[in-house]
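K.L.:
First to last, the protein sequences are chains A and B. Counting from 0, one number per residue, gives the positions in the first sequence under numbering that gives the first Met the number 0. Counting from 0, one number per residue, gives the positions in the second sequence under numbering that gives the first Met the number 0.
Think of the hints as simulated: they come from the structure by calculation, not from any bench. Some hints could be false.
Because identical chains cannot be distinguished in the list, a pair is counted as satisfied if it fits within a single copy or across any two copies.
Claimed, not checked - No farther apart than 25 Å at their CA atoms in a straight line, the calculated lysine to any residue pairs in the SDA-like style are these:
no.: 1; residue 1: Lys13; residue 2: Gly70
no.: 2; residue 1: Lys17; residue 2: Arg59
no.: 3; residue 1: Lys17; residue 2: His27
no.: 4; residue 1: Lys17; residue 2: Met103
no.: 5; residue 1: Lys17; residue 2: Thr48
no.: 6; residue 1: Lys13; residue 2: Arg108
Computed from a predicted model, the values in this text were never measured in an experiment.
There are 2 protein chains.
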Amino acid sequence: MTPSRFPPYVSQLKFDEKGLITAVLQHHLTLQILMVAWMNEEALNLTLTTGEAHFWSRSRGELWHKGATSGNVQRVREIRADCDGDTLLLLVDPAGPACHTGEMSCFYRILENVNRNP
Amino acid sequence: MTPSRFPPYVSQLKFDEKGLITAVLQHHLTLQILMVAWMNEEALNLTLTTGEAHFWSRSRGELWHKGATSGNVQRVREIRADCDGDTLLLLVDPAGPACHTGEMSCFYRILENVNRNP
Numbered sequence: 000m001t002p003s004r005f006p007p008y009v010s011q012l013k014f015d016e017k018g019l020i021t022a023v024l025q026h027h028l029t030l031q032i033l034m035v036a037w038m039n040e041e042a043l044n045l046t047l048t049t050g051e052a053h054f055w056s057r058s059r060g061e062l063w064h065k066g067a068t069s070g071n072v073q074r075v076r077e078i079r080a081d082c083d084g085d086t087l088l089l090l091v092d093p094a095g096p097a098c099h100t101g102e103m104s105c106f107y108r109i110l111e112n113v114n115r116n117p
Numbered sequence: 000m001t002p003s004r005f006p007p008y009v010s011q012l013k014f015d016e017k018g019l020i021t022a023v024l025q026h027h028l029t030l031q032i033l034m035v036a037w038m039n040e041e042a043l044n045l046t047l048t049t050g051e052a053h054f055w056s057r058s059r060g061e062l063w064h065k066g067a068t069s070g071n072v073q074r075v076r077e078i079r080a081d082c083d084g085d086t087l088l089l090l091v092d093p094a095g096p097a098c099h100t101g102e103m104s105c106f107y108r109i110l111e112n113v114n115r116n117p
């Protein structure tokens, strides 16, 4: 890994028309899904160079170092891409809850139990 | 659940300007992340009424019953939403590989091991 420039595979990733790629964060030990956010190339590069997850905040329109304020940074252990290169999976070691509500995961709301084919 | 119309929470979900919401599929037993795709309201309703994951194919511009051709349907056990309602997490029981390559998960490519804070 060369921190000062993009690794070769970055050019093969498919950023959308806004320059963003979806990133799913999964706890590297428990495999719990913690959050989903979006990265631009700069956020991905900062993630690679610092080892902590950075995103592009679509609501605030700015780079976002996750945990910079709360201390709940997400240390990245592994980055995977899906088959068509438009989504990233980050296996992370979280310093604290991923959700601003204090929940460990942002996915704390169960909407449905669908069990038609038991 | 009332199959013939949207459950009340659907109106609280945040579909994007294209009418889509991100959906992460996770194996309900192994917790492996299988794939990420996008749903519109119709795909979500079909998922709820059939118990099998339906998506909106952004590349083909059409509704997509996952596994309709291959038989590798994704039976949905639980649907969760994240804190701001713009992403769904589906816990699924897959009938076969999620990826068109034959891999169980679309995320079979490891791009980086980042381990700066062991």
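K.L.:
Look at each hint and say if it fits the structure.
P.N.:
Cross-check of the supplied hints:
1. With identical chains, the CA atoms of Lys13 and Gly70 are never at most 25 Å apart, being 31 Å at best within one copy and 28 Å at best between copies.
2. In this assembly of identical chains, the alpha carbons of Lys17 and Arg59 lie at most 25 Å apart whether taken from the same copy (14 Å) or from different copies (20 Å).
3. Taking CA atoms no more than 25 Å apart as the test, Lys17 paired with His27 passes in neither setting, with 29 Å inside one copy and 32 Å between copies.
4. For the identical chains of this complex, Lys17 and Met103 are neighbours neither inside a copy (29 Å) nor across copies (30 Å), given an alpha-carbon limit of 25 Å.
5. For the homomeric pair Lys17 and Thr48, the shortest alpha-carbon distance inside one copy (23 Å) is at most 25 Å, but the shortest distance between copies (33 Å) is not.
6. Taking identical chains as interchangeable, the C-alpha atoms of Lys13 and Arg108 lie at most 25 Å apart only when they sit on different chains, with a minimum of 14 Å there against 30 Å within one chain.
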